[in-house]
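Asker: What follows is the residue order along each chain.
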Amino acid sequence: MAVTMNENITDGLPEDDIGGSGYTLDDLSAYLDAGRTPYDPVIEHNAECRSVLASLEQVGRWSRELLAGEAETAPVEAAGAGWMDGVLGAIAREVRSGRDIAYPGPDLRTTLSITEGAVRSLIRATGDEVPGVLVGRSRIDGPLDAPGEPVTVTVTISVRFGYALQDASDAVRTSIAETLARHTPLAIAAIDVVVDDIRDSGDEELGPLASRVADAGGDAR
Amino acid sequence: MSTALEERVDAVAENVPGIAEVYESMRPIGGRLAMRKLGLGPGTRSFVRGSGAVAEVTVSVGLRPDADAAMVRDALAGRIRAIDGLEEAKVHIRISRVHHDESTRI
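These protein sequence lines are chains A and B, in that order. To convert, count from 1 in the first sequence and add 360; that's the numbering used here. Numbering-wise, the numbering used here puts 33 at position 43 of the second sequence, and it's gapless, one number per residue.
Simulated from the structure, these hints should not be mistaken for laboratory data. Here a beta-carbon is modelled for each residue, glycine too, at the ideal position from N, C-alpha and C. All the pointers check out, no bait thrown in.
Computed beta-carbon distance windows for the label pairs:
1) G522/A x A1/B: 45 to 53 Å
2) A537/A x M61/B: 16 to 24 Å
3) A(-6)/B x P491/A: 43 to 51 Å
4) E417/A x A43/B: 42 to 50 Å
5) D376/A x S41/B: 33 to 41 Å
6) G395/A x G42/B: 41 to 49 Å
So, partial list: chain A residues that the calculated Cβ filter (under 8 Å) puts toward chain B:
7) N406
8) A407
9) R410
10) S411
11) D460
12) Y463
13) G465
14) R469
15) S473
16) I474
17) T475
18) S481
19) A485
20) H543
Just chain A, same shape as in the assembly (with noise of 0.2 Å):
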């Protein structure tokens, strides 16, 4: 299925446009589905364009995880789709390259830096890793400018019905902890989990968790 290249592309860049493609997050799921073909050398030369087919594949992955626990009973696309579409636009926003973040170097005649989406993004795949939790959005805070200021992560989960929260939210905390810490120049001073969602096999909402962690203490900090 060939993606047409959004028209208002003439007045500059549309407003939902990921990484200057010219292309939106409906026209990325559109070529996913389409098996990513035709090849498209704008889409796949993309970093942003790449980030988002990469968590495009995962939501598709874990709702096709969903869908066969629960064939029987009511199709996840009707329960969940505010909560998806919440998902899908994180997507879209974090993948925005953002700041750059230098890393320090002996040769000024050579700069290492890794841009701020790359980090998000590989925030959302670590998080995605852990069983039973799906990354909603995240957040870093701090002056990323400033080589070895400390900076803040927050990332937002939902977790599957029947998994302890706080062993999820550890697991989480851990796993990005080891991620940014071996992937780039951050010196993370904290990273907070807040549950903010729960979700069972029928995807019955559960509603949002926040302020039940919270009352419980166990937003996991």
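Guided by the hints, dock chain B onto chain A, whose structure is given.
Answerer: Just chain B now, with coordinates in the frame of chain A:
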């Protein structure tokens, strides 16, 4: 517009251990859009500006999950400066992605 130097930078970058992919590096993105409107894009992914002692090379890469960023920096900068005309270039390497359990496409 693509240049022979940019093509060579793309080629050497793709073969540096630890680099999964090379992405478009031109900034601002308005430049990319202008190129596409003129039917020139995406062409090369790396970006070379100037020449000789004032040359600047910008490369945007995706790292493999097991890559060491500093080693990639040193290897890539060394290979770029081995290209005729870029011996004295400033090299800017931007990590735009860290591949995480995803197959590459190129």
